[in-house]
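Protein chains in written order, with the working numbering: chain P, 14 to 167; chain X, 2 to 489.
Please note that a few of the clues may not be correct.
[As the list claims (entries may be wrong)] Output of the computed footprint for chain X on chain P, the stretches with three or more beta carbons under 8 Å from beta carbons of chain X:
| id | region |
| --- | --- |
| 1 | 23-36 |
| 2 | 80-92 |
[As the list claims (entries may be wrong)] No farther apart than 20 Å at their CA atoms in a straight line, the calculated lysine to aspartate or glutamate pairs in the EDC-like style are these:
| id | chain 1 | residue 1 | chain 2 | residue 2 |
| --- | --- | --- | --- | --- |
| 3 | P | K134 | X | D101 |
| 4 | X | K260 | X | D457 |
| 5 | X | K477 | P | E28 |
| 6 | X | K477 | P | E158 |
It is worth saying that the hints were derived from the structure and are not from the lab. A quick note: this is a predicted structure, and the numbers were derived from the prediction, not measured. Just so it is clear, CB atoms sit at the ideal spot from N, CA and C, and this is done for glycine as well.
Spelled out from the first residue to the last, the chains are:
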Amino acid sequence: MWSYDQQQRLYLENEVLHQEGFTQFTVYRYQATDTYEASGTTSSSSGKFYMLAIPIPSGFPQQRPPMYLTYPFPLYTASGSLVSSLGTSHDMHTLTPSSAGQVQICHWRDDRWRSAIMLHKVFLKGLLWIEAYEQHLATGRPLAEFVSTMKERI
Amino acid sequence: MTTDPQQQQMIREAMKAIAERRPGRSKLVYDKTKRTIVAVTEGSQTPRALNITAEDADMFAVATLSSRWLSDQWGTIIRDRLLRIRFSSWDEGDALTQCDLGAQPASSIVEGVVLLGEGTAPPAGTNLRVVLRSGKRPVSEGSTFVAPDGSIHHAVTLRRIGGSEESLDTDFVDLQPELAIRRATLLETQVLKNKAVVLVGVGTGGAHAAIELAKCGVGRFDLIDPDRLTVGNVVRHPGGVSQVGRFKVQVVRDLIHEKNPDAQVTIHPVAVSAENLEDIRPLIAAAHVVICGTDGRPSKLLVNRLCIEENVIAVYGGAFRRAFGGQVLRVRPRTSPCHECFVAAMPEESTDVEISSQAAADAVAYSDRPVAIEPGLSLDVLPIANMITKLALMELLADTTSTLGILKADYAAPWYLWLNRPEPGTAYADWPPMSESSDEMTINRWYGVDFARDSDCPACGDFIASIAASYGLDPKTFGDLPSLPSKE
Chain P
14 MWSYDQQQRL YLENEVLHQE GFTQFTVYRY QATDTYEASG TTSSSSGKFY
64 MLAIPIPSGF PQQRPPMYLT YPFPLYTASG SLVSSLGTSH DMHTLTPSSA
114 GQVQICHWRD DRWRSAIMLH KVFLKGLLWI EAYEQHLATG RPLAEFVSTM
164 KERI
Chain X
2 MTTDPQQQQM IREAMKAIAE RRPGRSKLVY DKTKRTIVAV TEGSQTPRAL
52 NITAEDADMF AVATLSSRWL SDQWGTIIRD RLLRIRFSSW DEGDALTQCD
102 LGAQPASSIV EGVVLLGEGT APPAGTNLRV VLRSGKRPVS EGSTFVAPDG
152 SIHHAVTLRR IGGSEESLDT DFVDLQPELA IRRATLLETQ VLKNKAVVLV
202 GVGTGGAHAA IELAKCGVGR FDLIDPDRLT VGNVVRHPGG VSQVGRFKVQ
252 VVRDLIHEKN PDAQVTIHPV AVSAENLEDI RPLIAAAHVV ICGTDGRPSK
302 LLVNRLCIEE NVIAVYGGAF RRAFGGQVLR VRPRTSPCHE CFVAAMPEES
352 TDVEISSQAA ADAVAYSDRP VAIEPGLSLD VLPIANMITK LALMELLADT
402 TSTLGILKAD YAAPWYLWLN RPEPGTAYAD WPPMSESSDE MTINRWYGVD
452 FARDSDCPAC GDFIASIAAS YGLDPKTFGD LPSLPSKE
């Protein structure tokens with residue numbers, strides 16, 4: 014299922030993640046299903062723990078990988094509603110949640126994604142989202158106010 | 002042309018008498034006083050006279066049928082003396098066109114028979130018959146049929162309306178030679194008929210390109226598109242309202258066959274995705290050129306990957322929003338910049354796409370902030386589709402001594418820009434009026450833009466080696482399989 018180039022790329026992604034200081038994240042291979050996932054537990058500047066997971070799609074790197082926040086679960090907004098219930102939301106920078114209800118963080122939209130974007134940049138956007146989320150909880154203001162809309166290049 | 006039914010009947014009878022060289026009740030005579038030809042009818046108290054115009058000569062209905070079809074059926078008609086035939090009836094019966102000639106019959110169908118010789122009786126209730134009378138030499142070129150056994154036949158088509166029977170002009174056509182001869186002096190049709198083109202996306206631009214290539218004589222097509230034709234599409238798409246609801250690939254297949262009946266067209270009503278990439282791969286591997294006219298970047302990146310891996314030339318085309326302009330990128334794998342090189346080199350141009358469907362709108366915005374669907378005019382999309390077609394043709398004929406060869410230098414650039422209008426809010430808003438400028442960039446002109454291929458491109462370059470080197474890694478040590486820990 015996975016081409017040689019894809020396997021090389023995933024190996025490289027793992028190496029770059031760690032060299033860029035994202036040691037909390039690793040690219041894992043599920044032996045039973047021959048699938049890959051980049052995931053790990055991270056903490057915000059306030060010390061709270063979060064888990065991020067990027068299941069690698071079969072079309073990677075041409076296909077944009079989704080990034081889910083898997084812990085805390087479920088995730089609530091400042092007003093007490095489920096973040097996942099918002100679905101795709103500009104105010105919260107989220108896309109369609111996973112089938113299990115995990116929040117999907119918008120990092121790059123499909124129409125902006127390109128194969129040269131590496132996973133450490135995706136995780137970086139995840140970390141920024143987490144910080145913005147905590148500001149949203151503290152102020153009640155939309156998360157979008159704390160992150161500028163992404164640019165094509167970062 | 003006269004519209005008086007009585008006058009039409011007089012002319013019809015007179016011309017029929019002339020054609021059959023026998024006296025009739027009506028005849029055409031030269032009126033010296035009026036200095037024109039007039040028709041007069043015997044027995045009329047007042048002979049009716051009228052001017053005969055050139056158009057009046059075309060007032061007979063015409064039945065058109067395929068000589069190849071009849072040749073193929075010749076064994077049957079020799080045995081049975083009779084063949085059933087179906088005609089599309091156009092314009093209240095003014096033109097009858099054999100259904101087998103094309104892919105799109107009329108809403109009104111007339112059943113008829115072809116009879117070998119006058120002695121064969123038609124089945125009861127038959128209102129249309131084409132009688133093949135044997136002859137020694139062609140009587141009329143269009144109505145003459147030369148059978149596979151060399152025998153010559155003159156066809157007379159007779160139609161019963163009410164209690165009377167009228168004759169129609171009969172015209173045998175041999176499609177492929179007649180189509181090919183019109184192209185042969187311009188293009189290498191023998192080459193093109195063996196060329197295969199994959200079209201990913203047959204919306205307005207893709208459909209137009211497909212039909213133009215069919216007109217040029219391209220012989221093999223694979224059409225990939227998951228969408229059905231909607232009413233909203235009709236103002237731009239070659240498919241019409243009578244086709245609404247059909248898959249676009251089916252609509253375009255039929256339109257291709259209307260232009261090139263012998264074309265081999267395979268349809269795939271699916272979207273290109275990572276899940277079906279391996280199903281698409283053999284189609285692309287067998288193609289000489291791939292034309293990608295999809296709206297979204299994800300499918301373009303996947304097609305780009307396949308075309309590079311299979312070493313197939315690709316042409317990507319699309320309109321900017323509301324078709325204020327458009328762009329075309331031709332990719333010669335590992336020779337010119339690929340689509341990934343393009344999105345890296347020109348991020349703004351690569352993301353300014355036309356919002357012509359809900360899917361395209363969803364792709365560029367959060368769904369709680371809807372983006373208006375604002376497709377451009379067909380006439381603004383067609384210049385882009387024409388450029389796609391021209392570039393594809395040049396690649397299809399690249400290894401021949403085509404007359405298109407003189408254009409190689411003109412089309413050397415990988416990327417082409419076209420503007421229909423200086424859209425406010427864009428980098429082109431200040432372009433000078435076309436009427437006032439001869440040496441500055443203006444609307445309605447193509448601009449070829451050269452840019453370098455990215456040697457570190459993840460699709461066509463050495464991305465992994467380059468990134469690895471920048472981190473002090475050696476890909477050779479990666480091994481065949483990454484030794485990553487398992488996760489339960």
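Claimed coverage, the region 80-92 of chain P by chain X - three or more beta carbons nearer than 8 Å: Violated, because only 0 residues of the region 80-92 of chain P bring their Cβ atoms closer than 8 Å to Cβ atoms of chain X.
Restraint status (C-alpha distance of K260/X to D457/X at most 20 Å): Violated, because 44 Å separates the two Cα atoms, which is more than 20 Å.
Straight-line alpha-carbon gap K477/X to E158/P, limit 20 Å: violated (45 Å)
K477/X paired with E28/P [C-alpha distance capped at 20 Å]: holds (14 Å)
Annotated coverage of the region 23-36 of chain P by chain X, confirmed only when three residues or more have a Cβ within 8 Å: holds (count 7)
Restraint check for K134/P with D101/X, where alpha carbons must lie at most 20 Å apart: violated (59 Å)
Violated hints, listed in ascending order, are 2, 3, 4 and 6; each of the other numbered hints is respected by the structure.
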